[in-house]
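Colleague: Order-wise, the sequence lines are chains L and W. For the first sequence, this note's numbering assigns the number 5 to the initial residue and increments by one for each residue that follows. For the second sequence, this note's numbering assigns the number 5 to the initial residue and increments by one for each residue that follows.
Warning: the hint list may mix true and false statements.
[Claimed, not checked] Cut-off 20 Å, straight-line C-alpha distance, at most; resulting in silico cross-link-like pairs (EDC-like, lysine to aspartate or glutamate): (1) K90(W) x D44(W); (2) K19(L) x E61(L); (3) K320(L) x D593(L); (4) K19(L) x E6(L); (5) K275(L) x D316(L); (6) K63(W) x E550(L); (7) K63(W) x E6(L); (8) K90(W) x E6(L); (9) K289(L) x E336(L); (10) K47(W) x E33(L); (11) K275(L) x E336(L); (12) K216(L) x E190(L); (13) K289(L) x E116(L); (14) K742(L) x E801(L); (15) K19(L) x D69(W).
[As the list claims (entries may be wrong)] Sample of chain L residues with no beta-carbon within 12 Å of chain W, all distances over it, derived: (16) L30; (17) L34; (18) P111; (19) P138; (20) A388; (21) T519; (22) W859.
If you are wondering where the hints come from, they were derived from the structure by calculation, not from laboratory data. All of these numbers come straight from a predicted model, not from anything done at the bench. Ideal Cβ placement from N, Cα and C applies to all residues, glycine included.
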Amino acid sequence: MEWLRRALAVAAWRKRRRDLDDEIALHRELLGNPAKFGNELRLRERSMDMWGWRWLESFGQDLRHGLRLLARTPVATALALISLTLGIGANTALFSLMNAVMLRPLPVAHPEELALVMMQSPVARRASPTFTNPLWEQVRDHQQAFASAFAWSPTQFDLHTSGPEERVEGVFASGGYFSALGVHPERGRLFGPADDQPACPAIAEVSDGFWKVHFAESPAALGATLTLDGHPFQVIGITPPGFFGLDVGTAPDVIVPLCADAITNPRSMLKTRDAWWLRVGGRLKPGEGLASAQAQLAAQIPGWLAAAVPLDWSGKDRQNFLGRRISLQSLELGMSRMASAYGLPLEVLLGVAGLVLLVACANLAGLMLARAVARRDEIATRLALGASRARLVRQLLTESLLLSVGGAAFGAGLAVWACRALERFWSTAATAVQLNLSLDRAVLGFTIALTLATAMLVGLVPALRATRLSLAQGARTATRGGSSAARRLAAAQVAISLVLLAGAGLFLRSFRNLTSLDLGLDPSHIQLLNLAPSPRGTSPAMMQAERTRILQALRGVPGVDAAAESFIVPLTGLQWDNTVHGANATIPDAYLNAVSPGFFATLRTPLLQGRDFNEQDGPDSQPVAILNATAARILFPAGNALGQTVQQPSDFMNRPTVVVGIAADAKYDRSLRAPAPPEAYYPAAQLSNQFQTAAFEIRSTLPPDAVAQGVRATMARVDPGASFSLGQLSSTVATDVKPERLLALLSALFGALALLLTAIGLYGVMSYSAARRRREYGVRVALGALPRAVQRLALGEFAAVLGWGAALGLIATWLAGRALQAELGTLLFGLAPADFATLAAATLLLVAISLAAAWLPARRAARADPMLALREE
Amino acid sequence: MRPDEIPPGSLVLLILRVLERGAPLHGFEIASAIQRLSEDVLKVEEGSLYPALQRMLLKGWILGDWGATAEGRRARYYRLTASGRKQLARERGQFDRVMGAVARVLEAR
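All chains should be built: construct the whole structure from the sequences, respecting the hints.
Modeller: Here you go:
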């Protein structure tokens with residue numbers, strides 16, 4: 005309780021002091037003899053000391069003193085504030101992003117108890133978090149490892165409203181989803197296991213945000229009808245604000261029961277034993293760890309796999325299915341594609357921003373040092389008059405604290421703006437990225453710690469140095485001292501800047517390497533049209549006929565050079581893989597696609613041998629396939645793939661297929677850096693019963709808007725009822741290289757910032773040293789030295805700083821490159837961390853800018869009038 | 005006769021004891037009460053009284069309420085809290101022990 009009273013007293017300390025004054029005045033009056041009452045001031049101070057108030061009073065004095073001093077040099081103060089704002093702002097922004105993407109636990113009850121179930125097939129390179137629905141049903145009905153288990157699948161729906169059609173983010177969620185996550189409805193009710201049944205009710209939960217935008221927070225939303233992919237759903241509840249499910253960075257608007265797949269999808273995947281579309285998680289039993297839950301699941305999984313193996317799989321495929329292993333992973337932080345894609349870049353950028361702040365600190369430390377040296381007389385006098393050194397150090401530190409708190413305040417504003425900008429940078433036309441960037445304890449603590457550390461870095465060394473003098477030193481007008489520390493600071497700045505410039509150079513070149521990569525296809529000028537699934541009851545033949553009609557019409561749109569159809573659009577992240585057997589070799593996970601004639605020509609993927617598919621490759625003719633060069637080489641090492649037969653295992657095309665063409669390798673999935681995988685293409689017409697969705701690639705050199713207009717008009721004529729969306733292939737590629745782009749952009753920005761700060765710092769050090777040695781230069785000139793010689797002398801001092809700094813910087817760059825070899829290996833594409841050209845360019849740039857910064861003060865020193873300098877003392 | 009200084013450490017005990025007698029007192033009244041009760045032997049140094057009162061407020065042994073004196077002057081009246089009573093018992097016990105020991109030493113042959 006004592007601390008509480010003390011704290012309250014501090015809050016109202018002015019009033020307390022007045023009270024005490026009143027009390028003492030009364031005492032004195034009643035005593036009738038004022039003289040006897042002793043030293044009133046001392047009495048008051050001693051009484052106040054009892055509450056530990058004195059520090060506050062002296063802190064207040066220091067604060068006022070510091071503010072006055074800073075106000076006296078507005079330009080230097082503004083420069084200092086700007087550099088700290090940029091430094092602290094950049095660090096705070098990056099840390100909040102990292103916090104939102106990688107550190108924040110899910111906003112659900114006890115997220116630390118949540119686990120994600122991963123599975124790994126014996127032939128797969130790594131475990132994947134996907135399940136089929138029959139397999140999930142086994143888990144749901146038989147698992148004993150979790151207190152509760154759930155499954156979900158992110159998806160997108162076409163939302164039909166009175167206005168323009170809209171694509172909304174959605175989630176299929178199992179009946180146990182909400183109760184396992186411990187989520188309670190904002191309004192209405194959240195569906196449960198009773199709703200997730202084969203006789204599926206068409207019900208939907210909507211997010212709080214969706215409710216606000218689409219229903220204006222009206223209670224009438226409950227019971228309203230939403231048309232999703234053309235099917236009516238009844239809204240039964242609203243999820244609480246801030247709830248986004250389990251996928252960090254997404255903001256699903258609509259959540260429907262898993263069983264609703266049978267409503268929206270004419271070829272429902274609920275019974276399909278080889279459709280891997282679900283993620284499965286569970287809540288651990290209280291007090292139980294991941295390991296014991298995993299052991300229990302591992303014991304049960306063989307039975308579940310046996311019950312869910314695709315009926316017509318045999319041989320190796322069946323064995324691989326049955327041999328799948330299970331593992332658990334914590335879901336505390338949710339699933340985040342951003343965390344895996346941006347984790348490392350963000351960490352590197354935070355490190356880079358930290359170095360920039362260090363450069364800014366070095367600048368300010370130099371400034372404070374010069375100031376402290378200028379105030380030497382004042383400090384010496386105060387020391388002589390009995391001020392304690394601690395008191396003076398505290399006063400000098402208060403000044404740097406003022407600067408860093410100011411920088412942090414502006415920096416926080418900058419960070420908010422920067423975070424929003426980066427959120428926009430991440431969002432694409434198709435998916436909006438929404439991060440929880442609100443201030444939490446972690447961000448607040450980070451910023452406060454950063455501010456205090458900055459104040460210490462900036463103020464401590466100058467404060468200690470300035471108060472170290474003995475009386476004798478202070479008494480004579482000191483003109484030396486402090487400059488070696490300033491030179492060391494400047495050299496450190498040069499070194500750090502070189503590291504940052506080298507890093508920026510590496511990331512820029514890596515980004516250029518990546519964007520100028522040969523993809524095996526040309527994504528520019530390709531407009532995409534995604535067709536929504538046809539309504540239930542449409543036969544495959546009808547769907548195929550509809551698509552053929554659309555393709556024909558699209559080819560006739562004015563300005564369209566070529567058009568094609570495919571099940572999978574390359575580079576969009578969708579993938580379809582399966583086993584392909586050759587005569588003597590097998591590819592366990594070849595990437596597959598079903599394409600129309602003209603696909604290769606439209607995407608400009610060269611056909612190396614054989615022919616393209618044509619109109620004769622129909623459902624009733626000989627099944628044919630085109631392999632890419634890699635697949636052909638693996639299956640037929642002799643190089644005679646053309647005309648050979650390949651075999652596919654599953655129910656999708658269990659017939660011998662003849663290879664009629666070999667296409668060049670082209671990138672398929674999102675990993676641009678990896679070499680193209682083995683791929684097999686089949687005619688869409690021969691596989692039409694396998695898929696309901698399709699995308700069309702349209703090549704045109706017209707502006708995208710013009711193409712889109714033509715396509716819309718054509719669709720309205722050919723297929724008025726169809727629901728579709730338009731996009732551009734090049735933007736999906738741009739999305740894929742975003743982490744690299746972010747890294748290159750920001751590291752270049754930070755490098756430039758560090759260079760600017762260093763230039764300012766060098767200018768400051770040079771001006772300061774020139775001013776200090778003015779008398780010496782004056783004497784030299786008076787004795788006949790040429791201005792050029794004096795200038796050389798001044799620059800010589802600077803050359804040592806630059807030389808040491810650059811040498812240290814090169815060593816540091818080399819060491820950092822070695823220490824971060826593994827990380828840089830994944831971040832850099834097509835060049836090594838110790839890339840000579842990059843290092844040389846960075847060094848040259850640094851030297852050039854530094855020379856420019858030092859030139860002016862050196863020139864001024866040499867031109868100084870000797871008489872002025874000599875007369876000064 | 006010139007009043008004696010209060011033995012070091014016992015001022016708090018005396019203030020607590022004076023306040024225990026009942027009515028809340030302001031600072032001057034506390035000082036005069038100690039002087040009166042000690043028959044002018046003990047004189048409270050004002051320079052120690054107010055720091056001591058502040059410390060006792062901080063410790064929570066006493067509370068100060070603002071009121072008016074008989075002459076209508078604004079004054080802070082101090083009264084004992086429960087924890088102040090406990091402290092008084094503690095200090096009194098300690099004082100008795102020490103004084104007893106001192107007396108035994110003085111009376112020893």
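Colleague: Hint by hint, note whether the structure agrees.
Modeller: Status of each hint after checking the structure:
1. For a cut-off of 20 Å, the pair hint linking K90(W) to D44(W) is broken: about 28 Å separates their Cα positions.
2. Proposed proximity of K19(L) and E61(L) is supported: the alpha carbons are some 14 Å apart, at most 20 Å.
3. For the given pair, K320(L) sits about 13 Å from D593(L) by alpha-carbon distance, which is consistent with the 20 Å threshold.
4. Using a Cα cut-off of 20 Å, the hinted pair K19(L) and E6(L) holds, with the two alpha carbons roughly 19 Å apart.
5. Distance hint between K275(L) and D316(L) is fulfilled; the C-alpha atoms sit about 14 Å from each other, no more than 20 Å.
6. Restraint check for K63(W) and E550(L): the C-alpha separation of about 88 Å exceeds 20 Å, so the hint is violated.
7. Pair hint K63(W) plus E6(L) holds up; C-alpha atoms about 6 Å apart against a cutoff of 20 Å.
8. At most 20 Å may separate the alpha-carbon atoms for a hinted pair to count; K90(W) and E6(L) meet this at roughly 16 Å.
9. Of the supplied pair hints, the one linking K289(L) and E336(L) holds, its CA atoms being roughly 15 Å apart against a limit of 20 Å.
10. Of the pairs offered as hints, the one joining K47(W) and E33(L) holds, with about 18 Å between alpha carbons and a cut-off of 20 Å not exceeded.
11. Between the alpha carbons of K275(L) and E336(L) the distance comes to roughly 31 Å, so the proposed pair goes past 20 Å and is violated.
12. Between K216(L) and E190(L), the direct Cα distance comes to roughly 12 Å. Compliance with the 20 Å bound is thereby established for this hinted pair.
13. Restraint check: the Cα-Cα separation between K289(L) and E116(L) comes to about 11 Å, which is no more than 20 Å; the hinted pair holds.
14. The suggested pairing of K742(L) with E801(L) is violated, with an alpha-carbon distance near 44 Å, which exceeds 20 Å.
15. Only pairs whose Cα atoms come within 20 Å are accepted, and K19(L) paired with D69(W) is accepted, the gap being roughly 14 Å.
16. Distance check for L30(L) against chain W: the nearest CB is about 6 Å away, which does not clear 12 Å, and the non-interface claim fails.
17. At roughly 4 Å from the closest C-beta of chain W, the C-beta of L34(L) falls inside 12 Å, breaking its exclusion from the interface.
18. For P111(L), the requirement that its beta carbon stay farther than 12 Å from each beta carbon of chain W is met, with the minimum near 42 Å.
19. Every beta carbon of chain W lies more than 12 Å from that of P138(L), the smallest distance being close to 70 Å; the non-interface claim holds.
20. Taking the minimum C-beta to C-beta distance to chain W, about 30 Å, the non-interface status of A388(L) holds against the 12 Å cut.
21. For T519(L), the requirement that its beta carbon stay farther than 12 Å from each beta carbon of chain W is met, with the minimum near 68 Å.
22. The Cβ of W859(L) sits about 63 Å from the closest Cβ of chain W, beyond the 12 Å cut-off, so the non-interface label holds.
Going through the hint list in order, the structure does not satisfy hints 1, 6, 11, 14, 16, 17.
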